[in-house]
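*Asks:* Chain by chain, the residues:
Protein chains: 2
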Amino acid sequence: MPINLTEPTELLPVPGVRLGVAAAGIRYRDRADLVLMEVAVRSNVAAVFTQNAFCAAPVIVAREHLAAGGVRYLLINSGNANAGTGDRGLKDARASCAHVAEILGGQAEQVLPFSTGVIGEHLPVPRVREAMPGLAAGLAADNWMDAMRAIMTTDTVGKGISRRVTLSGGTVTLTGIAKGSGMIRPDMATMLAFLATDAVVPAGDLQEMLNAAVEESFNCITVDGDTSTNDACVLAATGASGVRVAEDDDRRRFAAALQAVCDFLAQAIVRDGEGATKFITLHVTGGQTPDEARRVADAVAHSPLVKTALFASDPNWGRILAAVGRAGVAGLDVSRVRIEIGDVLIVEGGGRAAAYTEEAGRQVMDQAEIPIYIHLGRGRSEARVYTCDLSYDYVRINAEYRS
Amino acid sequence: MPINLTEPTELLPVPGVRLGVAAAGIRYRDRADLVLMEVAVRSNVAAVFTQNAFCAAPVIVAREHLAAGGVRYLLINSGNANAGTGDRGLKDARASCAHVAEILGGQAEQVLPFSTGVIGEHLPVPRVREAMPGLAAGLAADNWMDAMRAIMTTDTVGKGISRRVTLSGGTVTLTGIAKGSGMIRPDMATMLAFLATDAVVPAGDLQEMLNAAVEESFNCITVDGDTSTNDACVLAATGASGVRVAEDDDRRRFAAALQAVCDFLAQAIVRDGEGATKFITLHVTGGQTPDEARRVADAVAHSPLVKTALFASDPNWGRILAAVGRAGVAGLDVSRVRIEIGDVLIVEGGGRAAAYTEEAGRQVMDQAEIPIYIHLGRGRSEARVYTCDLSYDYVRINAEYRS
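Line by line, the protein sequences give chains A and B.
Everything in the first sequence is counted per my numbering, starting at 408 for the first residue and increasing by one.
Everything in the second sequence is counted per my numbering, starting at 408 for the first residue and increasing by one.
FYI, nobody ran anything at the bench for these hints, they're computed from the structure.
Fair warning: there could be bad hints in the mix.
[As the list claims (entries may be wrong)] Calculated from the model, a selection of chain A residues having no Cβ within reach of chain B, i.e. all distances over 12 angstroms:
1. N411
2. A463
3. G476
[Unchecked claim] So the derived list for chain B, only partly shown, Cβ under 7 angstroms to chain A, looks like this:
4. F461
5. T492
6. I526
7. L712
8. T715
9. F718
10. G725
11. A729
12. A761
13. Y763
14. V802
15. A806
[Stated by the list, open to error] Ranges between beta-carbon positions, derived for each pair:
16. A:A663 to B:A619: 37 to 47 angstroms
17. A:R743 to B:Q458: 45 to 55 angstroms
18. A:A663 to B:E471: 45 to 55 angstroms
Bear in mind that the values here come from a model prediction, so they are computed numbers and not experimental data.
Even for Gly, the Cβ is constructed at its ideal location relative to N, Cα and C.
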């Protein structure tokens, strides 16, 4: 059961974008598993990819093709990650792009490939090829909901959102879809997000705004600290509205909407982490540097002891404090650390707060959404991380998936 | 069920060391929970403590007292960690030391205090005081087995070992006991080890040899990446044998025995991690630096996806490779990475090895002891880490402990 998350009832078409969806039979039976997204000529496309040194073949090819410029198509399959597939994996990813160009014209280099699913199996390219004519024939502006569902692997609900943004020159649309369960799923390689707008955004600005939005959203979620081999987030600006994101004020408004969309989708991935029963927001303040604030947030978010305590609704402040203590913050004065869960002060002066009661702690830990505030008392830097608890179901899903 | 680990049948007395054991009722009923270890006058004592910034009161006091020199007593309680207890915790630890001096003479500063157990509760010092006369009266050389059991918290078996070491000047004894379940136990703060020898070892040499042995043993184990607030390892050399560890050859022999004792005790902690069903040795070779080899070993050892696959006996090489890829090794060439599980080659050239079969992989993963070899192909540096799998019981123990 996702935590406070339901599928959107509609997603707004983005002028300049058409989507096709097919059931190619890559792994799943009787469901769509292949998406073709077409963006208008002269769209600008920005992207952020996984930092894992072991990155999947489609990530390598998508990076190359994006650098060549002139992107017209995104080809996305679920069910197979095309990762750990060596040279043949690269050939398969390139062949898939070539099949798009064969049917729709242009060059294979104008196609970005994306794959998500099982690692270590070869992509069945003939099935991709067979599905291509139907995929091309079905391209339509209002296919976002179907595309959202086709990219799912073991997600339990589709993840999508649309925003209308009013700029000085008019109103533009921003729609995004994502799949993933926050690295939680075995072999499922893992997080993909595709966003599009009809605003006119220069390429450099687009990449800059995407980097900033991803940094504060998709890069702030963690389920188990494992990063995937296939992660990617793409933002296309078709310019079809003719409305420019140019002035500072427009830029702020557009960036805010982009941040909100990324934030919603990133949270959705954590909220749908199977096994997750609690949605946790870690706010670390008072760091000397953003880096040390982030290190503390990560140490707490990755601590299995903290995560199992959250699952048990156990206000176990000793585990949180121990995780803060081992985050590698040089010269940390534990007596200055203050920790609140929701509005309950639990730690101050290096120990349990005087007014704290177990009942108050248990009550706030019993909620499905738990904000944890950790103040380091060293400076003004902050970090925020979204995470979830660690439950029996996490072990079940990850241990039993292949049996 | 601990993995290939049984309690020792006997532990050798160490001339110059006497131990007393009492049931003080600190937390447990009807079992010993307090140990006093006396070392001969002019013993040299070396120690290694937790690096956690949030360290427990007894750790702070033990560090101070050790620096003052002239240590005669170690006072160890189980059931209460005296961690997260603020200023009162420090007073309580010092008061406990003072009670030893009151009964046995000397200064409070000659006593090192150690606590293990629940975090955040105050140490019941009056019970320590009440138990002191009996503890002192019962001091005896052959109490190692009882001491070993008294320091246990949720350990399922006592952990101890003795070695006789023949040096150029004669034979000496080395006995060690430890408690802990590798950071796996909730609130149980966590690993303590006490070693003693009757060899004559200069203080500087003793600390140097202990540092080296701990680095390759207790610092190479991980269950869940959480480090405790109370970890300590102490080595006392009473000199009662009159046999000096002086020549290079003696030093090598004694250091090897010390390493073997530490290695046994460190492994025992992982083998007794409740929830653990597999004992894993990660060997990383071919690193450019020891640090990068260790980073890779840690990334794999801490990966919940790898650990749940180990629990499921699933030879999921994609998860291992993905963990290697995210270890932050700059410029890692995945095509040079080779991974073997036992004698089965599973990964080479960035993907599944040609000769690999799932049957062979599953067979080797089904063992209770699994060595994993990861060759990075970049240089000559190595790292070795002991860990265990992640099972339902890990979640059960850590989620349900306080309920």
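*Asks:* All the hints need checking, so say for each whether the structure fits it.
*Replies:* Status of each hint after checking the structure:
Distance to chain B confirms N411 (chain A) as a non-interface residue, since its nearest Cβ pair spans about 22 angstroms, more than 12 angstroms. Not every Cβ of chain B is farther than 12 angstroms from the Cβ of A463 (chain A); the closest lies at roughly 10 angstroms, contradicting the non-interface assignment. Even its closest Cβ contact with chain B, about 27 angstroms, leaves G476 (chain A) beyond 12 angstroms, as expected for a residue assigned away from the interface. Hint status for F461 (chain B): holds, given a least beta-carbon distance of 3 angstroms to chain A, under 7 angstroms.
Residue-level restraint check for T492 (chain B) holds (minimum Cβ-Cβ distance to chain A is 6 angstroms; threshold 7 angstroms). At a threshold of 7 angstroms, the smallest CB-CB gap from I526 (chain B) to chain A is about 3 angstroms, leaving the interface hint in force. Of the supplied interface hints, the one on L712 (chain B) holds, with its beta-carbon coming within about 5 angstroms of a beta-carbon of chain A, less than 7 angstroms. For T715 (chain B), the suggested interface contact is upheld, since its CB lies about 4 angstroms from the closest CB of chain A, less than 7 angstroms.
At its closest, the beta carbon of F718 (chain B) sits 5 angstroms from a beta carbon of chain A; the interface hint therefore holds under the 7 angstroms criterion. Taken as an interface hint, G725 (chain B) checks out: its beta carbon lies about 3 angstroms from the nearest beta carbon of chain A, inside 7 angstroms. Taking 7 angstroms as the C-beta cut-off, the interface hint given for A729 (chain B) holds, the closest approach to chain A being about 5 angstroms. Interface hint status for A761 (chain B): violated, as the beta-carbon distance to the closest one in chain A is roughly 10 angstroms, over 7 angstroms.
Evaluation of the Y763 (chain B) hint against chain A yields a violated restraint, the C-beta minimum of about 10 angstroms exceeding 7 angstroms. Interface hint status for V802 (chain B): upheld, as the beta-carbon distance to the closest one in chain A is roughly 5 angstroms, under 7 angstroms. A distance limit of 7 angstroms between C-beta atoms decides the matter here; for A806 (chain B) the minimum to chain A is near 4 angstroms, and the interface restraint holds. Between A663 (chain A) and A619 (chain B) the CB atoms are about 56 angstroms apart, so this pair departs from the stated range of 37 to 47 angstroms.
Roughly 19 angstroms separates the CB atoms of R743 (chain A) and Q458 (chain B), a value that falls outside the hinted 45 to 55 angstroms. Separated by about 53 angstroms at the C-beta atoms, A663 (chain A) and E471 (chain B) satisfy the suggested range of 45 to 55 angstroms.
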